[in-house]
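Trainee: Chain order of the listed sequences is A and B. Going by our numbering, the residue at position 434 of the first sequence is 434; the numbering climbs one at a time, nothing skipped. Converting from the second sequence to our numbering requires adding 1000 to each position, the first position being numbered 1.
Careful, some of the hints might be misleading.
Taking beta-carbon pairs under 7 Å as the criterion, some of the chain B residues facing chain A (in silico) [unchecked claim]:
(1) Ile1107
(2) Ala1149
(3) Leu1153
(4) Leu1198
(5) Thr1213
(6) Arg1360
(7) Gly1364
In case anyone wonders, no lab produced these hints; they're calculated from the structure. Heads up, the beta-carbon is just placed ideally off N, CA and C, and yes, glycines get one too.
There are 2 protein chains.
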Amino acid sequence: MALPVETFFLRPDAQGTLQQQIQQMIAQGILSGRFQRGEKLPSTRKLAAHLGVSRITVTIAYTELLANDYLSSRGRSGYFVSDNAPAPPAFAPMAKVDDAIDWSRAIGQRFSGNGLSGKAQDWASYRYPFIYGQADPTLFDHANWRLCAVQALGQRDFTSMTTDYYDQDDPQLIEFIVRNILPRRGVSARPDQILITLGAQNALWLTAQVLLTQRRRAVLEDPCYPALSGILSQSRCHITPVRVDQDGLPPEAIPPDTDVIFTTPSHQCPTNATMPMDRRRALLARARALEALIVEDDYEFEMSFLKPASPALKSLDDEGRVIYVGSFSKSLFPGLRLGYLVGSEPFIREARALRASVLRHPPGHIQRTAAYFLSLGHYDAQIRRMGLALHERRRIMEGALEQHGLRVSGRGAYGGSSFWMRAPESVDSAQLAENLRARDVLFEPGHAFFIGDEKAKNYYRLAYSSIPAARINEGVGLIAQEIDRLR
Amino acid sequence: MALPVETFFLRPDAQGTLQQQIQQMIAQGILSGRFQRGEKLPSTRKLAAHLGVSRITVTIAYTELLANDYLSSRGRSGYFVSDNAPAPPAFAPMAKVDDAIDWSRAIGQRFSGNGLSGKAQDWASYRYPFIYGQADPTLFDHANWRLCAVQALGQRDFTSMTTDYYDQDDPQLIEFIVRNILPRRGVSARPDQILITLGAQNALWLTAQVLLTQRRRAVLEDPCYPALSGILSQSRCHITPVRVDQDGLPPEAIPPDTDVIFTTPSHQCPTNATMPMDRRRALLARARALEALIVEDDYEFEMSFLKPASPALKSLDDEGRVIYVGSFSKSLFPGLRLGYLVGSEPFIREARALRASVLRHPPGHIQRTAAYFLSLGHYDAQIRRMGLALHERRRIMEGALEQHGLRVSGRGAYGGSSFWMRAPESVDSAQLAENLRARDVLFEPGHAFFIGDEKAKNYYRLAYSSIPAARINEGVGLIAQEIDRLR
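Next up, chain A with everything else stripped away, as it sits in the complex:
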C-alpha cells in the first residue's frame, strides 16, 4: 500500500528543474500503472532525503500533482495516488507488431533521399563548428525573446495564440513586414500580397508547387541551396542548372523555354556573389523576354555589416514578375520556422490555399511573439549586435585563412556569415570533412550544392555563425593541416 521510497529515482539525463523532474517521475509512475490508485507516497521528508534534494522541492512537486488531481492528501496521513488520477490503459497494448504490409507496393510516392536527413544534430558538440544556418546562443537576445513570448502568452493575446486561423495569418506580423521590413528592401506590398510561411523552406516549396509542373522548366543557379534543388527534383519539373560567375547568375545563359528562374541576387548561395545593378536589370529584361517569373530568395540580407545591402531585385520589378522569399531563420533562429512570401495577389492566393491544405497556418503564438520582437525594436538591436559579432569573427577568420594559406573562392562584399572555399584540385572536400570530424571540426563539403553535370569536389563552405571567435584560428589551422596531409 505504501510505495517504497526506493522505487523513486531521478534519471541522470533528465531535463527541467528538479521540481519538474520529480513531478514527471511521479506522473509517469501513475500513468504507467506502477503506482496504483490509493497507494501512499513517501513523506516529503523521506523522498527529499532519498533523492538528495530539499524538502520544499518535493513539497511543491506534490502540491502541483495535488492540483492536477494526480494525488490526493489526507491531512497528516500524507499523500496518496488520487482516485481521480488518470488510469493506465485497461487494454494491454500489443507487445509487437509484425509488419505484414508490402510497403514497396503500398507507398504511392517516395520522398526520402532529398538531402535533408542525416544532418548532424549534434553540431553544437563540436569544438570547431564551422556549420552554417544554426543559432548561436551567445549572439541571440534570449531575454527579450522570452519577454515577447511571455507577452504573446497573455490574456490579451489568447485568441491569436489559440484560435484556428484556417488559412489566414496574424495581421500584426503581416503589418510589420509590410511597413518595416519590406521597405528596407525597397519593396512595396499590400497585406494580400504576403503569405507567412514555415520558413524559407516552406516558401520555396509552396512556390514550386504553384508554379511548376512536369512540363515546365526551372532555372537554378549552380551551385545553389541544396534544399531548393531537393524541392525542385521532387516537383519533377525540368531543371536547367546555370553556372554562376563572380557576379552571380548570368542572364544570357538562361535558356529560352524557361518558366521560372530561382535566384539569390543579393548574396548568392553558396558563393556569396552580389549581383550588380546592371545585371539585375538585364535579368529582369531576360525574364520579361521569356515571359518567365523570377523567385528571389533574399536570405540573410540583414547581415550586411560591411556595406549596406543593395535593394532587392523585387524593388526594380514594376510588373509583378518577381516573387520574393524572406526568412527569419538567420536574424532570429531557424527553429522558429518563420518566413514569408511576397508576390502578386493571384499567386499568393493559390499559395495560401495550398498552405491551408497542407498545414492550415503557422502557429499563432510563434507569429505574435515575432510581431512583438520586431515592433518593440529588439529585432534591430539583434541585427546590430549580431552584425558586430559576425564582423569580428569574419575579420579573425580572414586573417586565419590568409595565414594558413587557404583559398577563398567567394567571400561576399557586404557581409554574410560564411566563406565559400576552394581546396586544391586533388582534395575531395567530402573526405576532408569526414577526416576532420574526428578532430572535432565540422563544416559542409560543397558537393551537395552542385547540380550540373560537372560537380566539382574541392569546394567547401566555412561559416562563422556558430563558432566562437576564440576558436576560429585553431579550427582553420586544423583544416589547413588536413588539406596538406591529403594533397
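With chain A fixed as given, assemble chain B onto it according to the hints.
Mentor: Using the frame of chain A, we list chain B on its own:
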C-alpha cells in the same frame, strides 16, 4: 529639432500594454523616417501628460528604446533619436506595381476553392457560437500552459527551441506520446514509427501524398470531415464515398479496388457514431482481403466523459495495416498546430522526408512546451476539467433540444463536443445558418460534409465546445424558431 508632443498619439485599437504601445509608436516613427536621427523627443513628463498615462510608463518605454539603441540620452538634456537607430530605407519603394503577368497562364497548379477559406474569423463575437473546433478561453488551463511555455523558453531548452532540427522531432514529445498517450488507445509504437505534424490537417495531407496517386482509390466516409475531402480532391486520386450508418462505416460497402480507407471509428465525423468492436474486426478483415491500408483519424478521443473511449482500431492491428492520426487541437487548442502520425517505419520514413521538404519540422518551442504540459500532468487535468464542463453543457443542450423539438441525428455514445442534427426535409440548413447569423447564432450547415451524389441539405452540426452554458438554451430556442419560420 524637437519633436512636438502633438505628433505622438496612441491608436485606439492598439494591442499590448501601454508601455509597449508607446514603445511601438516611437519605434514606428523612427523606422518610417518621421523621426530623424538627432531629433529630440518630448520629456517623459510632457509626453505622459499629453497621452494621459503615468510618467513611469513613458520612462520605461524610453529606457527600453535606449537599450535597443533607438534612442540616446544626453543626461539632463533629454532623449534623442539615436545616431545608431535603424535608418529608414534609402531607396523609395515603388508606389504602385502594375501587374503585367498573365497569372492564368503562369500558375501551374490551382489550389484555391478547397473549402478552408472564408471561414468565420470572428466566431468569438457571436453571442451563440455553436461552432466546432475552436478554443474556449474559459476552459483552457492558460496559467499552466504559460508556465510550461516559459519553461521551454529557458536556458536549458534553448537548443530545442532554436535549433534547426532538419527532419527530426523533439525527442521529449515523442517519448510522451509513445509512453503515455498511445497506450491509452491500446497502441504500442516505437519512436521511429511516430511523426510529429502541424495538426491533423498536416498528418492527413502527408498521408494522402505518400499513399495516393492518380491511379489509386480512396474510400471516404460520407458524410466526412470536409478538410479531408479537400485534401483528397487535390491529390486527384479516385474517391469512393461510402455512406455511413448508425454504426459508422460499413465494411461490406467498400469496393474491391480500394487502396486506402479513411475512417473515424471511435467517433465518426460528423455523425458521432461509434464503430462497434465486431465491425472493427470486420473492417480490418475487409482491408486485409483487399490488401488496402486504413487511415484512422482518432480525433477527440480525450473527450470521453460519458463512458471510456473504446480502444483505437489500431490496437487490433497486428500487421501494420492501420495508420493512426492524432491531434492536440481539441484537447489543447487548434492554434497550436500539433498532431502526430503513427505507422510502420517505411511509411513514416517517407512521410518524414516529405515533411522535411515542405516545412522541415514543427517549431521546437511548440513541441517542447507541449511535452512539458503533458508530462507535468496538466494535460490530464485539462481533459478532466474540459470533460466536466462539456458534460454539463451537453446535458443542458440535450434538454434544450428536446424542449424545443429539434431532432438529433447522431449524439455520440461516449462524449464528444457536438450534435449532428437533422432539420425537417424542406429546410435548407445553409439558408437556416445564414438567416441566424443576423441573430448572432453561428453553426455549420451540413452541406460541406457530404461528398456523394446525394447531398442532403437538411443536416447541421451544433457544437458546445465554445458556447457558454448559460446561452445554450436561448440559442437553441432561436434555431427552433427559425426552423419553424422556414418550414
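Trainee: Now tell me, hint by hint, if it's right for this structure.
Mentor: Hint-by-hint comparison with the structure:
1. For Ile1107(B), the suggested interface contact is upheld, since its CB lies about 6 Å from the closest CB of chain A, less than 7 Å.
2. Interface restraint check for Ala1149(B): the shortest CB-CB distance to chain A comes to about 5 Å, inside 7 Å, so the restraint holds.
3. Using the Cβ-Cβ criterion of 7 Å, the hint placing Leu1153(B) at the interface with chain A is satisfied: the shortest such distance is roughly 5 Å.
4. Here the hint on Leu1198(B) is kept, as its CB sits about 4 Å from the closest CB of chain A, short of 7 Å.
5. A distance limit of 7 Å between C-beta atoms decides the matter here; for Thr1213(B) the minimum to chain A is near 4 Å, and the interface restraint holds.
6. Using the Cβ-Cβ criterion of 7 Å, the hint placing Arg1360(B) at the interface with chain A is satisfied: the shortest such distance is roughly 5 Å.
7. Taking 7 Å as the C-beta contact cut-off toward chain A, the hint placing Gly1364(B) at the interface holds, the least distance being around 4 Å.
Comparing the model with each earlier hint shows no violations; every hint is respected.
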